[in-house]
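Chains A and B supply the protein sequences, listed in that same order. Sequence positions in the first sequence follow this note's numbering and run 127 to 428. Sequence positions in the second sequence follow this note's numbering and run 801 to 1155.
No lab work stands behind these hints: they were computed from the structure. Wrong hints could be hidden among the right ones.
Unchecked claim - Here are the computed lysine-lysine pairs in the DSSO-like style, where the Cα-Cα straight-line distance is at most 27 angstroms:
no.	chain 1	residue 1	chain 2	residue 2
1	B	K911	B	K932
2	A	K419	B	K930
3	B	K911	A	K338
4	B	K911	B	K901
5	B	K907	A	K338
6	B	K967	B	K930
7	B	K1058	B	K1133
8	B	K932	A	K338
9	A	K338	B	K901
10	A	K338	B	K930
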Amino acid sequence: MSHIPPMPTMRDRTLKYLLVLPAVLVVFATAVWPLIESLRFSFYQGRTDRGDFPQNWLGFENYTWAFLYEPPFWNSVYVTGLYTVVTVVLTTAFALGLAMLLAPGGKLRSGVQTLLILPFAMSPALIGVSFRFMFNPEFGLFDAFFGVVFPPLADVSWLANPDLAFAVIVMADVWGWIPFLTLVLIGGLASVPQDTIEAAQVDGASGWRVFKDVTLPQLLPVLAVVIILKAIFSLKTFDQVFMLTNGGPGTATQTLSHYIYITSTRYGQVGYAASVAWLMVIPMMVLTYFYAKFVFKKDDGA
Amino acid sequence: MAEIRLKNLTKRWGDFIGVDDQSLDIHDEEFLVLLGPSGCGKTTTMRMIAGLEDPTAGEIWIGDRMVNDDLPKDRDVAMVFQNYGLYPHMTIYDNIAYPLKVRGTPKADIKPRVERAAEQVELTEFLHRKPKALSGGQRQRVALARAIVRTPKVFLMDEPLSNLDAKLRVTMRAELKHLSRALQITTVYVTHDQIEAMTLADRVAVMRHGIIQQLGTPDDIYNDPANMFVAGFIGSPAMNLINGSVQSGMFITTGGTKLVGIGGPDRESAILGVRADDMSVHDAGEGDIDVTIYAFENTGESTLLTVQWGKQRVIARGDRHLRKEQDDVVGIKLNPDHLYLFDPESGDRIRMGGA
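Please model the entire structure based on the sequences and the hints provided.
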């Protein structure tokens, strides 16, 4: 006879809560508590160059200040918005194209997939550093490359031109994100039933119509998740901007995250920075809502 | 409407041979069934006709056009898939209308044609639902309606009934037969179910290992099988295959029992094929051979007797009113007009007497 386990007792039930408690405490200490504190600071004048902290209660004054009197805030909103739209569109388009190419399988597939993981495995800061180095106007890769291929472009100072600098951080971000989203979309394409595609082919649809009428609609839930996920990550982009351009030249590539970082650490306006950070939460919450809606979507069957 | 001609068609994946150098002429308006166990190449053959698979060698002709290099959309065929292949995001109406839409049928024509097709398969009240809301049999009908909504040159059906439960399968089989007689369009139908093949086909091609074993009417393949494989594959229960030899015109079982006169030259080893229906059950001593009942089964419409025959077991069909017990001894008589002799090495049929 094998050993019969004892009936669970109250102690066993409380034990399971005790076991998750450390994790809950860590999350509370590192995420929940700072969030609450930052929300509190956002209603105060909180300058780090004063003796006491935070200083006087301001109510919503930090928020209205951002909207009414801070052109740099609006600049970073514009930069972040443009950056998000451009990177989401480019990354999704490239990832979808690559996924379509890789989905049929073949001998190279697993090798290519492994290679694809690499850029995603790199930390964004590292991507920033390596791109910065590649775009160095004197000894960077692009300098050497254009020196041979098209000399007029060789001595362009990429990161010193506002538009080019913006293009460079977009490029670095798109490069870093394509692989992961490609893998997600390959998975999505694999879940599109092959016989629906073949049925459309036999029904008389051209390759493009099969994609448009049959593949794409069935891929839509996955595609939506990809777009929303990428939008969330684009909105909060900080690492690459910090490493590549540090928001410059001027504030041409200053995203909201970078703006928050500068106002709080360089200018010591923690209360104001906290209010901007909480403003950023609004679009994030909206996107997260849609993300959750698509991820946990129930089939209605109608 | 068109005939289909396959000329020396071959499909290989590396070393694996799916279809091996097969030629087949399918007549205009014919209902041809490709029958065989899984992996025999029947589905591959059909997919090559549809254009979903490229042949390694050989030619496919539909009508007077060689279609090897045509895309599926340009072959003017309609196909019903095993898992139906319905578009889950479209309503039933849009599913059925899709072949018309992509082929640029004028909008005014689409509606009546979809409605007519839906009527033919009795789906009219479901047109605004999505496939998910339908039962398996209804989805099957949608797939059928999508195929018949235009008039293609050829219908291709890939095990269309295999996902239905047994009862529904019988109903759908009759509907399919009725529909195909009404439409009179060349049809290729793939199945592993010999009853579907027998009931639906004008002609059946029995396949195995990528090779057509026999091509003939259901009567031909049932009553005149070309080899042991076809004999064993067609019929339920399967044909009994009894090991033995032929000596002075008599078939002698491996156990040494003289069984039945079949004529012809002596053979050291041979296999006698006899269907359960071609054996009659009598009292002990009154048949060709006395045997002990191993199991007695009453199926309602008849009885099945599994009997111990030397070292082998053989199934005979008895009258529905017959009642026997396990270990009873009965006499079995073989119908001499329906005995088949096979070569145990090659499995080929040995034609007996002058036939």
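Status of each hint after checking the structure:
A threshold of 27 angstroms between alpha carbons decides the hint, and for B:K911 with B:K932 the separation of about 22 angstroms falls inside it, so the pair holds. For the hint linking A:K419 to B:K930, the alpha-carbon distance of about 21 angstroms falls within 27 angstroms, and the restraint holds. Restraint check: the Cα-Cα separation between B:K911 and A:K338 comes to about 22 angstroms, which is no more than 27 angstroms; the hinted pair holds. In summary, the hint linking B:K911 to B:K901 is supported, as the alpha carbons are separated by about 11 angstroms, within the 27 angstroms threshold.
Restraint check for B:K907 and A:K338: satisfied, since their Cα atoms lie roughly 20 angstroms apart, inside the 27 angstroms limit. As the CA atoms of B:K967 and B:K930 are separated by approximately 24 angstroms, the hinted pair is consistent with the 27 angstroms bound. With a CA separation close to 13 angstroms, the supplied pair B:K1058 and B:K1133 stays within the 27 angstroms bound. For a cut-off of 27 angstroms, the pair hint linking B:K932 to A:K338 stands: about 21 angstroms separates their Cα positions.
Between A:K338 and B:K901 the alpha-carbon distance is near 13 angstroms, which keeps this suggested pair within the 27 angstroms criterion. The suggested pairing of A:K338 with B:K930 holds, with an alpha-carbon distance near 19 angstroms, which does not exceed 27 angstroms.
In this structure, none of the earlier numbered hints is contradicted; all agree with it.
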